[in-house]
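K.L.:
Spelled out from the first residue to the last, the chains are:
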Amino acid sequence: MSALLAVENVTMRFGGLVALDNITFFMEKGSVLAVIGPNGAGKSTLFNVVTGVYRPTAGRVKFDGVDITGMPTHEVVRRGVARTFQSSRLFRDLSVLDNVIVGMHTRASAGVLDVLFRPAVARRELATAVEKAEALLRESSGPLYEQRYRPAGTLAQADRRRLEIARALASQPKLILLDEPSAGMDDAETDALVADIERLRAQHPELSVILIEHDMRVVEAFPEHVMCIDYGRLIAGGRFEAVRANPHVQEAYLGTAAADA
Amino acid sequence: MNHPASRVVPRAAAAAATTILLQISGAAFVYAILSAEEGWQVVALLGLLGFGFYLLERLPWINDVVVALLARVPVVTTATAAVIVLGFPFLVGSNTYILHLLIVAQLYAVLALALNFQLGSANIPNFATGASYGIGAYVSALLAVNFNVSFWLTLPVAALAATLFGFVIGIPCMRTRDTYLALVTIAFAVVVHQLLNNFEWTGGPNGLVGIPAPTLFGHSFADPIEVFGWTLPSQANFYYLAAAVVIIAVITARRLHESHIGLAWNALRADEMAAKAQGINVAWYKVLAFAVDAFLAAFAGTIYAFYVSYISPDNFTFLVSVTIMTMVIVGGMDNIFGVIVGAFLLTILPEKLRAFSDYRLLIFGVIVIGFLMIRPEGLFPQRLRHYGVER
Chain P
1 MSALLAVENV TMRFGGLVAL DNITFFMEKG SVLAVIGPNG AGKSTLFNVV TGVYRPTAGR
61 VKFDGVDITG MPTHEVVRRG VARTFQSSRL FRDLSVLDNV IVGMHTRASA GVLDVLFRPA
121 VARRELATAV EKAEALLRES SGPLYEQRYR PAGTLAQADR RRLEIARALA SQPKLILLDE
181 PSAGMDDAET DALVADIERL RAQHPELSVI LIEHDMRVVE AFPEHVMCID YGRLIAGGRF
241 EAVRANPHVQ EAYLGTAAAD A
Chain R
1001 MNHPASRVVP RAAAAAATTI LLQISGAAFV YAILSAEEGW QVVALLGLLG FGFYLLERLP
1061 WINDVVVALL ARVPVVTTAT AAVIVLGFPF LVGSNTYILH LLIVAQLYAV LALALNFQLG
1121 SANIPNFATG ASYGIGAYVS ALLAVNFNVS FWLTLPVAAL AATLFGFVIG IPCMRTRDTY
1181 LALVTIAFAV VVHQLLNNFE WTGGPNGLVG IPAPTLFGHS FADPIEVFGW TLPSQANFYY
1241 LAAAVVIIAV ITARRLHESH IGLAWNALRA DEMAAKAQGI NVAWYKVLAF AVDAFLAAFA
1301 GTIYAFYVSY ISPDNFTFLV SVTIMTMVIV GGMDNIFGVI VGAFLLTILP EKLRAFSDYR
1361 LLIFGVIVIG FLMIRPEGLF PQRLRHYGVE R
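So the protein sequences, as listed, match chains P and R.
For the first sequence, this note's numbering begins at 1 and goes up steadily by one.
For the second sequence, this note's numbering begins at 1001 and goes up steadily by one.
Looking at chain R on its own, in the form it has when it is part of the complex:
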């Protein structure tokens, strides 16, 4: 009764139809903005998006109703999402530029979900996610280039290496908080970038070249995919791979969020002293947030390295960390869906607004300040947990 969504108990058939329609319109919108070429098309679509968010702001119950609808028919929701994700490359066809944007957007979604454990759940301002991303990319690339290790093996190894790094920065960070903690992580991000730039064995500023494409059951990811007479460009391989990692990240995020671990993070975000008084080992939970962040970021890094087959320190600057942070703030702290929307928006928009590319950082700065002042909770604010039938 307290929950607004319980006012709307739609019938399953209606809910299913609406769910499918909603998701298809969402996908259509993404397709439209990706394929928009003319300036006026982009502006019109952005206007539409802005109007949508304005409606959400004015009529917050829309959000509740949509969430209730999707949760009413979970199987339909998941199936529709799966069909959309699997089918999107067929819709895009041979337009590799759109596929490339989608791959990058998905990798950023993974990174933003990773940072969300810290910034969103536990309010730890970590500016070193870009560094973990870089460590993942470099570890896997070095293994593949020097020792011919298979992609599938480098993936967990890189993740473990980055997690170790997460512990290494997490532990000194426990001695600081707030602004000082942010400074420590900034220092780490800069140090990692400098090390990658100066070490001999990382290729220095030239980076690493010739990272071999992964293969799966004899199918090289450098080759096009052929199914039922359709031919998808080779980028589709990485599109599906990135989608799989997004799914892993979402499942990880959901499981942690809906457990006592997610609650403990939220508790220490709200009041560290009171969290300790509930028996929460605050230091351990903070370090854990660093480790999970690094683990997922390394997954994204590995895929990036094998996708572009060439990495250099400049792919993993401090700026990357700032971009990821912007995505979390804009999308919505501690809201999984919101963070993904943030990642897609902030990957696609700068591409579509190429004319302003010189002002990219300035625009990001304005966006962050604007959001922190006007809507600090982001586009999709965190939601109270509901248990059992109330959901």
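With the rest of the complex left out, here is chain P:
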């Protein structure tokens, strides 16, 4: 049985700094993997390696049976990997609706010549995209549809996060990478986020999710697969309870003295 995502012996060095040190893990279709670890442990670097922003110094990344190591980001996205960013990176001066339509970019088939000389074809395609985008916004838990003609930069924090997820879903990905989706959220918003992710999984049972999280309440909600990275090394992996009990993990988070206490 082949995994949807296979990260094999990936090492990423920036000069003398080892950001990722021989990381190996596999992921099945439809599963959720939570990645935890202290700040600067290399979690976001891992996302950047998977999405082709960085080419790893050593090792391979395989997605859906294809070697995607060092492939340009737009190619990786086209193959079905979508992501959100730690500090939400919306297209602030575009409307909420346009943000989602841009998210469908990989689904657009009309080329430059079609747009220039067969406007009816291009217009029909865009009209379909508008409909789909509106449907995605209606599906979202927040009041995004009602705000679809507002510039994305004027949304409230929680709605921005929702919009980023809706935009990522627009490309109909097989794997979605969420980089600290709960950052800057209060308790109620975090609960809503967990509900959002659960709903997402119910709606798209085939979709796999990798989640970088600091908030253990979110991780606890998806306890099947958790892995902890520290100083670029994978120090623990398994179910949440086991990872939490792991002395290395406690040491990484709390320091040696606390772990001994």
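Some hints could be false.
[What the hints assert, rightly or not] Taking CB as the label site, the calculated pair distances span:
1) P:Gln172 x R:Glu1351: 54 to 60 Å
2) P:Glu146 x R:Gly1039: 50 to 56 Å
3) P:Glu139 x R:Ala1017: 40 to 46 Å
4) P:Arg124 x R:Leu1091: 37 to 43 Å
5) R:Glu1351 x P:Gly184: 52 to 58 Å
Rather than coming from a laboratory, the hints here were simulated on the basis of the structure.
Since the model is a prediction, treat every value here as computed from it, not as a measurement.
Each residue gets a CB set at the ideal place from its N, CA and C atoms; glycine is no exception.
With chain P fixed as given, assemble chain R onto it according to the hints.
P.N.:
What follows is chain R alone, placed relative to chain P:
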């Protein structure tokens, strides 16, 4: 409901009347400023214009209402515009100076629309539009002078040659961004000017002379037009030709803007990293912007060459690129109408303010800095796209 324009749903007849009235007053204003001779007339008209823009700034809903009105009766809008554009030379009569200004303004409008794909849609500061303009002019002129190729054939050939040039500068530019990208394009603009100046076969600093006037169905563009007993000076030929190219440029701009290509440009303008994460091939879209820019600029260049029948490297200096950039910034980034207004304003005003012609560059500099500080979005800011019935 979110769109302010949807508050105003005028009846079609009222909308049509207002639309016609608006466009006629716009044309009347352009005519008035073009034919103003006395200093005080120019100042008064400029005052009126300034007051208009002040009103727009204070009461932004005017803009929304006007856009809604024009979109309500598209056929009337287009028909009125067509009648105005076709009829303008009849109004001007034998005043060739006004016609000349209008031709130059229209060519600049094409150039500004070309640059708008880059500067406005994708925020690529390209200072080489003047060079593409020059390449278009030289390619077509060389073909016509040396090989007797017809104007109508040189037009696409020059456009393709310039597009190729667009790719050539576009590709190295992908390795740089922002200020450095601007520097690379400045270098290209200077290099092209120097090459035109130093090559033997481009005529060196003397340029190319004796570019033959185009002919269409046996009618030479050097001859006056005679219709229904009216005689229009020969410049009217080029006026209509330039108008046709403006229309082509506007249609191109609209189609691209209202497609996923325009959206992709806007996305990479807002956040390149996030654009990549949506599957946008950022490098390709940047190069595409260079190519489209060069294509349209070459159209303008070809018409210019055949219009003045004499070109020299000094017509295509770095300054031309700066002028085009000023037009886009003043008119409004990523707003087609705004860019055209910018081109007309900055072509006509310097002519009307001849007394200050020595300070032309200084004035342009002050205008750009002033706009970037006070109103960086230009006179007519870009508008959010609206789809379907909301429009």
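K.L.:
Let me make sure I understand: some of the numbered hints might not hold for this structure. Which ones are they, in numerical order?
P.N.:
none
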